[in-house]
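So you can see what is in the structure, the chains are spelled out below.
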Amino acid sequence: MADSNQRILVVDDEPPIRRYLRAALSAQGFTIYEAASGQEALNAVIADRPDIIILDLGLPDIDGIEVTRQLREWSQIPIIILSVREAEQDKIAALDAGADDYLTKPFGTGELMARMRVALRRLTSKPDEPILQVGGLHMDISRRIVSVDGDQITLTPTEYEILRLLMQNAGKVITHHHLLRQVWGTAYESEMHILRVNISNLRRKIEPDPARPTYIHTEPGVGYRLKG
Amino acid sequence: MELRPDPDELLKHVESEETQRGKLKIFLGYVAGVGKTYAMLEAAHQRKEQGWDVVVGYIETHKRAETEELLAGHEVLPRKQAEYHNVTLTELDVDAVIRRRPQLVLVDEFAHTNAPGSRHPKRFQDVEEILDAGIDVYTTLNIQHLESLNDIVAQVTGVIVRETIPDRVIDEASEIEVIDLPPDELLVRLQEGKVYIPEQASRALQKFFRKGNLTALREMSLRRAAERVDDQMRSYMQTRAISGPWAAGERLLVCISPNPLAEKLVRTTRRLADELNAEWVAVYVEIASKPENNPANRERIGRTLQLAEELGAKSLTLAGRSIHEVVLDYARRNNITKVVIGKPLKPRWQEIIKGSVVDQLIYASGDIDVYVISAQTGLGKPIIPSDWQPHRPIGRYLSSIGLVALSTLLGIVVRGNLEPANLVMLYLASVVISAIYLGRGPSLLAAIAGVLAFDFFLVPPYLTLAVSDTQYLITFSMLLVVSLVISSLTAQGREQAEAAIRREAQTSALYNLGRDLTSATDLADVSQIIIANIGHAFGREVAIFLPENGHIRPFASSPGYQPGENELAVAAWAFEHDQPAGRGTDTLPAASLRCQPLKTANGLVGVLGIRPKELGSFLTPEQRQTLAAFSNQAALAIERASLAEQAQQAELLQATEKLQTALLNSISHDLRTPLVAITGALSALDDNNDTLDDTSRRALIENAHNESERLNRLVGNLLNMTRIESGAIKLHLELEDIQDLVGTALEQLGPRLANRNIQVNIPADFPLAPMDFTLMTQVLVNVLDNAVKYSPADSAIEVSAELREETVHIHVADRGVGIPPDDLSRVFDKFYRVQRPESVSGTGLGLSISKGIVEAHRGTIHARARENGGTVITIELPLS
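One line per chain: the protein sequences are X and D, in this order.
Positions 1 to 228 (the numbering used here) are the ones given, in order, by the first sequence.
Positions 1001 to 1880 (the numbering used here) are the ones given, in order, by the second sequence.
Misleading hints may appear alongside valid ones.
Just a few of them, taken from the derived set where beta-carbon distance is under 10 Å, the chain X residues facing chain D [unchecked claim]: (1) H176; (2) E207; (3) P213.
Calculated directly from the structure, the hints in this document are not laboratory data.
Predicted model only: the values in this text are computed from it and were never measured.
No residue lacks a Cβ here, since even glycine has one placed at the ideal position from N, Cα and C.
Build the full structure now, drawing on both the sequences and the hints.
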């Protein structure tokens, strides 16, 4: 996949993990830079100009979330968090700080590659694309028409907005709060049950089997992700 | 005879000299004004100069300049304020002294009576508590306050001293210093106004301060001090086995009666016992046929026995048929050498008829000396025992008259057909009936009335007392005699039976307690049985206090009764000091609860509290003894139960250790197995990279990958288990969609479902339920994983949800091997794995984690066998 020799900065204080990532990712044609601490990482971003950062949260000097926050002050470079922390608050905190995605250790190389692809695509995709296509899902934004496997379906305005957000960020996890804020407004940020009901209805309309969804995946405690 | 030190004496010596208890020094004077307080302060100054930590607990200087000057150099502890009838009284603050923990504390006026509501009625009891805390005490005392000298002082001086202290207190003092001042000098001091006299009592005290009185009191105090020196000498000689001039083993017994003079008798015996250096006992004999039922008399007996105990005697109540038999029997069995009894107060004629206890005693005493102590009359009349039927005696007498009338009527009807001699039998019958059912008095009345009625109605000439035939005079007198004898015998039999019934009731109550206790298994049962039995036997509310981490806590009590703070304080005192406290005792007598330490041979196990249901009822001495018997049984039962509980805990601990071993084994096995597979695969790939074909390589990699995932799950489970067990789990409750929950769980299981047929059946309009989504996903993953593992690959797994009474039920049903009925509840235990099938791997953690999570949601999870084979696991979650 590694077209045009993309550059990856791997930030982790554990040498075995850096070694593993270097081996796995170089094989895919990426150029690897390494940093073992938060400060090194911030320096490396300036010096090495990576295309994407793979960032551990538990760094010896600055916490990964803080690194993300500092980077986001001046850079839109994609950041994928790799961490042993599996509590949803940690995931939400990292995503809120501006990380593009979050993977819990241990993880498979395939999963990491998929997340990286999504994050890198964000840089190249045009935000105003009028036609969105994910698997059998088709959305024509200019005409507000949605179809599944060629069959047009009717969505309420709210369901449409949710689906649009998810499709525009296909492959990326969207937090509950982000969805609520974007679709209903900030006043509804904690009205989780409205979101649940709408997602449930949406799934019934677009999923072949709502009990085992293939498009809208739940990230427990964090949000939803539309998978292609 | 061997001259070995007397072990008892040695023990006493050790107890009084070597233990941690503080030492008591008494500055003894014969009257106010001899300079006791001054002497005490001087001695305290000397101590202080020697480096002792001395504080003043309570000193009354009476504004005497020289005393105040001496006081100035000392640290004075604040006094306790007590409100009484709008007057603020200040008292010694015992707790402050014990908190302050000086080496020596000065406490004036040893015999002082504390303000009502204080912890102890008397100051000497405060001092005892301070001594128990290991603090030395200096105190002052006037001789007339000594209990045993109380009546002599009253005789000599005409002043009755109400503030008294028991003699044993001064016997127990480590040191006594007599502060002596010749009476003449004292009188001079008095005239100079150097002796403090309270104004309201000045005239009485002026009378008191006569030279004659002073000399007598002085003699008493010097003699008392001399006796004590003598005692110490004897004690010294006994501990060192020096044979001495004392009579060996004199033991005295004093007989108590309800008579107020009994107190004098007790005091006299104490003096006698002191002079003889003898042990003594005070005995009250209850005659089985004539129990003492008058409450005032009973209380007086109780008080007298208590006084005897205060004066150092052992006191007890004995029961039997006659006083002299019981006393002499006890005396012989206990090597009593002298019996003390009061001179009878009854008129001579009564003694001739009823017999004199003194005479009987002397007649049967054998080698036991009998001392008859004279009694001064006029000090107060004994309370004449009222008839033994206190309620409605008139009714009983009327009934007996009625019986006689009935006999007469019957007699009039048949008198033509029967000889008068046979008619007599009718009257005898009424006498017997009266004696049996109505008691002694009514039967006597029936006897006399019967004779009169017989004469009047049935003996010709009728309706006159005159008799035609003088033979009838014999009939009359015989009828009278026979009636009297019958009535007396029958009534006596009846009374004895009643006394026997009462004792029987107590014995059977005790027996019931014992029997009930044998069936009790744990401490809670034991306490309930004790409470029920004692409550029933004494008609009182009962509470049991048990120690917990060294502090006494209410453990159980009668239904509807909850001991409060005050009662707890009483119980705590009783426990700490190993003495009864509260109602009816010397400590905190104002409390509503009487607290009795529960003691066994191994020590204190708790405190028993009993409280009368209505105020004003006290325990009789007899009841107190029964209570003691109950307490002993209760203490043994509680000890047994707590030991059993300790044993159980030890067992539990053992089981826990076993579990921990199982855990370690399980974890080491489950952690190593995947590592073996991973390491093996990697080393195979490393070593034989060239020779391996693609299929083998793929198989090795896949195996290693699966095993690493298993390892990851295991670590996750262990982490979750730890979180649940440490209580670190925090629920983030949100309203969630069950459909979504199931879908997410199925997705997380991913490849492990391996094309299994999973049927999800959740109604479309199913309500949202509050839960922690992440944790509940974990629960479903674990349950589904189990279902997949334990059922054949081609069988379906059904997941369904239903709503029942505000509770969400989620069922996961499989067609697997099923769980043996015995294991249905145990599958949720930690590390528990059903012993089949062999091939299935797991840690036995999944379901126990699920249970922990569901229970944190206030829900339940349970397993049951499915019809036609398989298992259903149901998770129930409350909707609100």
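Each hint tested on the structure:
Hint on X:H176 holds. Least Cβ distance to chain D is approximately 9 Å, under the 10 Å limit. With its C-beta approaching chain D no nearer than about 9 Å, X:E207 sits inside the 10 Å limit, and its interface hint holds. Given the 10 Å rule on beta carbons, the hint for X:P213 holds: about 5 Å separates it from the nearest Cβ of chain D.
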